[in-house]
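Undergrad: Sequence:
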Amino acid sequence: MAQDELEIVEPVIIVGGGPIGLTCSILLSIRGVPNKLYERHASTSIHPKACGINQRTTEVFRVMGVEDEVYAHATPAEIAGRTAWYTSLGNEGREVISRDAWGGGQYEAEYAAYSPSRYCILPQIRLEPILKRRAIKLNPTGIHSYHEVLAVDNRRDFTEVTVQNRETNKIIRRRARYVIIADGGRQFTDKLGINWDGEANLTTMISTHIRAPIRPLHPDNRNFMTWFTNPAMGGSTRTGYLYQLGPWPEAVTNPKAEEWMFVCGITEDDPQAFDEETALARAKKTIGIPDLEIELLSLTHWTVNAIYASKWRADRCFLLGDSAHRIPPWGALGMNTGIQDAQNLIWKLCLALKDPQKYDALLDTYYTERAEVGKRVGQTSLQNMRSHSGHIDAAIGINTNQTSEQNIAAAKSFFDPEHPDYARKRTLIEAASHELDTEFKAPGYEVGWFYPSADVNSEGGATHGGQQLPDGTLVHHTYYISTIPGHHLPHAWLAHDGKTVAIRDLLNQDIFTLFVEAGNVPKIADDRVQVIAIGSRGWHDVNGTWKQHRGVDATGGVLIRPDGIVAWRGELASAEQIGWTHLLDTLLKVVA
Numbered sequence: 004m005a006q007d008e009l010e011i012v013e014p015v016i017i018v019g020g021g022p023i024g025l026t027c028s029i030l031l032s033i034r035g036v037p038n039k040l041y042e043r044h045a046s047t048s049i050h051p052k053a054c055g056i057n058q059r060t061t062e063v064f065r066v067m068g069v070e071d072e073v074y075a076h077a078t079p080a081e082i083a084g085r086t087a088w089y090t091s092l093g094n095e096g097r098e099v100i101s102r103d104a105w106g107g108g109q110y111e112a113e114y115a116a117y118s119p120s121r122y123c124i125l126p127q128i129r130l131e132p133i134l135k136r137r138a139i140k141l142n143p144t145g146i147h148s149y150h151e152v153l154a155v156d157n158r159r160d161f162t163e164v165t166v167q168n169r170e171t172n173k174i175i176r177r178r179a180r181y182v183i184i185a186d187g188g189r190q191f192t193d194k195l196g197i198n199w200d201g202e203a204n205l206t207t208m209i210s211t212h213i214r215a216p217i218r219p220l221h222p223d224n225r226n227f228m229t230w231f232t233n234p235a236m237g238g239s240t241r242t243g244y245l246y247q248l249g250p251w252p253e254a255v256t257n258p259k260a261e262e263w264m265f266v267c268g269i270t271e272d273d274p275q276a277f278d279e280e281t282a283l284a285r286a287k288k289t290i291g292i293p294d295l296e297i298e299l300l301s302l303t304h305w306t307v308n309a310i311y312a313s314k315w316r317a318d319r320c321f322l323l324g325d326s327a328h329r330i331p332p333w334g335a336l337g338m339n340t341g342i343q344d345a346q347n348l349i350w351k352l353c354l355a356l357k358d359p360q361k362y363d364a365l366l367d368t369y370y371t372e373r374a375e376v377g378k379r380v381g382q383t384s385l386q387n388m389r390s391h392s393g394h395i396d397a398a399i400g401i402n403t404n405q406t407s408e409q410n411i412a413a414a415k416s417f418f419d420p421e422h423p424d425y426a427r428k429r430t431l432i433e434a435a436s437h438e439l440d441t442e443f444k445a446p447g448y449e450v451g452w453f454y455p456s457a458d459v460n461s462e463g464g465a466t467h468g469g470q471q472l473p474d475g476t477l478v479h480h481t482y483y484i485s486t487i488p489g490h491h492l493p494h495a496w497l498a499h500d501g502k503t504v505a506i507r508d509l510l511n512q513d514i515f516t517l518f519v520e521a522g523n524v525p526k527i528a529d530d531r532v533q534v535i536a537i538g539s540r541g542w543h544d545v546n547g548t549w550k551q552h553r554g555v556d557a558t559g560g561v562l563i564r565p566d567g568i569v570a571w572r573g574e575l576a577s578a579e580q581i582g583w584t585h586l587l588d589t590l591l592k593v594v595a
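Read in order, the letters of the sequence shown are residues 4 to 595 in the working numbering.
Simulated from the structure, these hints should not be mistaken for lab results.
Quantities reported herein were computed from a predicted structural model and do not represent experimental measurements.
Check before you lean on any hint, since a few could be wrong.
What the hints assert, rightly or not - Pair ranges (Cβ atoms, derived): (1) Ile411 / Val504: 55 to 61 Å; (2) Glu95 / Thr503: 51 to 57 Å; (3) Thr371 / Leu220: 49 to 55 Å; (4) Glu408 / Gly93: 17 to 23 Å; (5) Trp305 / Glu408: 30 to 36 Å; (6) Glu95 / Val504: 36 to 42 Å; (7) Pro258 / Gln551: 45 to 51 Å; (8) Pro250 / Gln382: 33 to 39 Å; (9) Asn460 / Asn204: 39 to 45 Å; (10) Gln405 / Asn460: 52 to 58 Å; (11) Glu579 / Arg159: 41 to 47 Å; (12) Arg429 / Lys194: 50 to 56 Å.
Said to hold, decoys possible - No more than 35 Å apart at the CA atoms, straight line, and that leaves these computed lysine-lysine pairs for DSBU-like: (13) Lys357 / Lys140; (14) Lys357 / Lys194; (15) Lys502 / Lys314; (16) Lys288 / Lys415; (17) Lys361 / Lys526; (18) Lys314 / Lys357; (19) Lys140 / Lys361; (20) Lys378 / Lys592; (21) Lys592 / Lys194; (22) Lys140 / Lys173; (23) Lys378 / Lys357; (24) Lys287 / Lys314; (25) Lys592 / Lys357; (26) Lys288 / Lys314; (27) Lys378 / Lys314; (28) Lys357 / Lys526; (29) Lys361 / Lys194; (30) Lys502 / Lys140; (31) Lys357 / Lys173.
A virtual CB, placed ideally from N, CA and C, is assigned to each residue, including glycine.
Hey, can you work out the whole structure from these sequences and the hints?
TA: In structure tokens:
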């Protein structure tokens, strides 16, 4: 390699080409920042992995220009918003309970008020190609598959990245001003000397990606996810769960095309590793249809972890996604949290690229703001996993400490209307379903999270508008819309010159946006902010939603960061007295 090639310093190098790495590349590219991404695999994911995409993530996809394509391939809404529990799907199987979930059914109108984007379900095997196509379109020479990063070394003035082309075995070295580690936590968190905290290696699970004509045999194929709790097998985790993978819309009418994911825990009676025969036998046993024709597409073993890195920055290197936090899948918060990590970091990184010394302290706020979110969702997801046995199984009377005969007897009383325990257990199962709102109806977790450290004037107090309890616990069942600094920009529809847009569509991805009342527009001599007027001579507040939620009167303003987070709100006269440049410097942690 020529010496001058080595001396070229890339603005950003990204390690890992999964959803998080690709998101980072796209967010950099739409801002005009050159970047190189290296992914060790030759193709996108061959295993479905993550599938639930919440509204804060689809908002990011909206910015990235892929939202509509994601929706086009996503699970149909009438399926995506339902879940149910069964003992099995066979002739002897019984439905335990079913419910709406993830913003579907009875929750649709509520969720629509939170965002212009909607909750959707699309497995990673179908999401990654969409993201990769977009990343390549924006950055044709910067996306490198089948290239493995071997080493990342922070030097005084740059970070050196050693990469191997896995096709030719050629070793290349690149220099970068900043490096994003999004390798799924495979190695670089440890290589950078960063420790992990939390609960690790809790149980081993298997995920079996199959093709099988299950929809025509399912008692209610509207359910995206079917949870099994077979009393003879010891309950929920031991029995497993099943969810639909599409491809859509083909799978609606073509049973031969149907793909599903079957997931279960490995018990003490199972082999420690499942082969194809064992995995398919376990799936058939749980599903309860012995003659079901199943084709195995992929199989993976994984362990349940709820862990987080002790720091997310090592000099010029930043950890994102599973490299910073490993989150159990119950609640579908893992990939979402990683993509939202990217949304938080990238705009800050772009400022630091312009003036590293001036904005270096701003980069430290990435960890300050995101670490608590990562830790909380890990604990929440772990609680969700335990709740299936702690609530659903308990309501039926199933317990892993009981014999199969005892569990079967308990289930009989649950399904027998003549049994003395029937009414009590039915009341318990309804209560158990609501206890699982933390997984199935949790807008507080999905869209209501906020950054307490960004509350510059301590306006939130103990409860931050109701979004948390006085002890700091995030309220899961409701999203309390607010413009308290650190919270999300409230959703509102605005109209001007015959065009209707969501208020967040007016945000600039590089600078702050100040929303004010028309007729009270300040003159700000600082190019780090744009001003948008809402009112009779500006954008029309279509439903009055902005006025309802803005939290200031006509002489005030609400300042929004590029990532959609409220940075400041207050009287314009107060900001002018302080000085807009001084206020912006304070918010951006500017180092003189």
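Undergrad: Hint by hint, which ones does the structure fall short of?
TA: Of the numbered hints, 6, 15, 24 and 26 do not hold.
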